[in-house]
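Read off the chains here:
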Amino acid sequence: MGGTVSDDLGIGAGHSALMEAPVFGIQVKKLTMWLFIMSDALTFGGFLFAYGYTRVSSPNWGAPFEFPTILNGIIMTVVLLTSGLTMLAAVGAAKSGDKPRSVRWLGATMLLGAIFAALHLREWFKLFGEGWRMFRNPTGGAPQFGAAFFSITGLHMAHVIVGVIVIAFITMGFRSGRFDSNHVETTGLYWHFVDVVWMFVFPLMYLLNAH
Amino acid sequence: MTAKSPNREPGMGFYVAVWIGLLIIVAIEVALTYQHPSAKTLLAWLLCLSFIEASVAALYMMHLKYENPKLFWSLIPITLFCLAILDYLWPDAYRIVTMGAMK
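So the sequence lines, in the order shown, correspond to chains A and B.
Each step along the first sequence adds one to the number in my numbering, with nothing skipped, and position 160 is 160.
Heads up, my numbering is the position in the second sequence plus 211, with the first residue counted as 1.
Careful, some of the hints might be misleading.
Calculated cross-link-like contacts (lysine to aspartate or glutamate; reagent style EDC-like; alpha-carbon spacing at most 20 Å) [as the list claims (entries may be wrong)]:
#, chain 1, residue 1, chain 2, residue 2
1, A, K30, B, E220
2, B, K251, B, D298
3, B, K281, A, E20
4, A, K95, B, E220
Listed next, with one range per pair, are the computed distances between beta-carbon atoms [claimed, not checked]:
#, chain 1, residue 1, chain 2, residue 2, range
5, A, S151, B, F225, 33 to 39 Å
6, B, C293, A, P68, 34 to 40 Å
7, A, N182, B, G232, 24 to 30 Å
Hints in this document: simulated from the structure, not taken from any laboratory.
The beta-carbon is built from N, C-alpha and C at its ideal position, and this holds for glycine as well.
Starting from the given sequences, assemble the full structure and let the hints guide the process.
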């Protein structure tokens, strides 16, 4: 504070002199995405803790999922983890300036995300066909099972569908030059978070209920 | 969490190794499930394995390891603390049933 007022305010030193340095050395959009991810992690955490306690404290919960359902869950897991890998390839290509390759990998990520959602919906409709509803358990076990399963997997599936739409939007913008590699990287962060959530949803909602 | 330069981020070969590692953890989870342990034991094992899986994904796939360490220390401990508080508060709801608080 030893200089003049104009020195302190950086007047005459250009617009950048008035700008704060980026927090943690990353772009604001990336920090915002991290903050969103943390808050969303707490949302899923709340759901999963509630389900976990209800599950282990209900003696009549049962284990309704036969192996075909578990196999479908395993395939969904492999598809989603692979989409994380294709997203990493897309981010890497975007950072190295190879736009066409990045767009191709983003397309592969969207395709895998769509396959995941389709497999998930197929599973849901199969369960509806067997008589499962939000508060109806056709096996005679705890009726809360349907509420827990459809709400937690539904919330995750909504994240996947939104993710596919956002990736499509970012891909179009990146292709046209409206968005840069930082947008691709920030979108990648969200997509990996969806992956991370599934790493808890699959074992807790599927494996813990395997017959 | 030590490197800041994007140049020090690993290549696709490393990420493929991470992907294979994650698939192996999923395979262990499935194998454990079909040993048919009690629900509480299985829940504990699955949570531990999922936590390892999520940590690997956050550090390497989400690049947290290659960001400024301040980002990690500002976000992760407080999130884990909040999750621990959730874990502490949920079973308290059973007090209504087990301690007769409604009487």
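Comparing the hints with the structure gives:
no.: 1; hint: A/K30 x B/E220; in the structure: holds, 17 Å
no.: 2; hint: B/K251 x B/D298; in the structure: holds, 15 Å
no.: 3; hint: B/K281 x A/E20; in the structure: holds, 17 Å
no.: 4; hint: A/K95 x B/E220; in the structure: holds, 11 Å
no.: 5; hint: A/S151 x B/F225: 33 to 39 Å; in the structure: holds, 37 Å
no.: 6; hint: B/C293 x A/P68: 34 to 40 Å; in the structure: holds, 37 Å
no.: 7; hint: A/N182 x B/G232: 24 to 30 Å; in the structure: holds, 28 Å
Violated hints for the displayed structure: none, as all numbered hints are satisfied.
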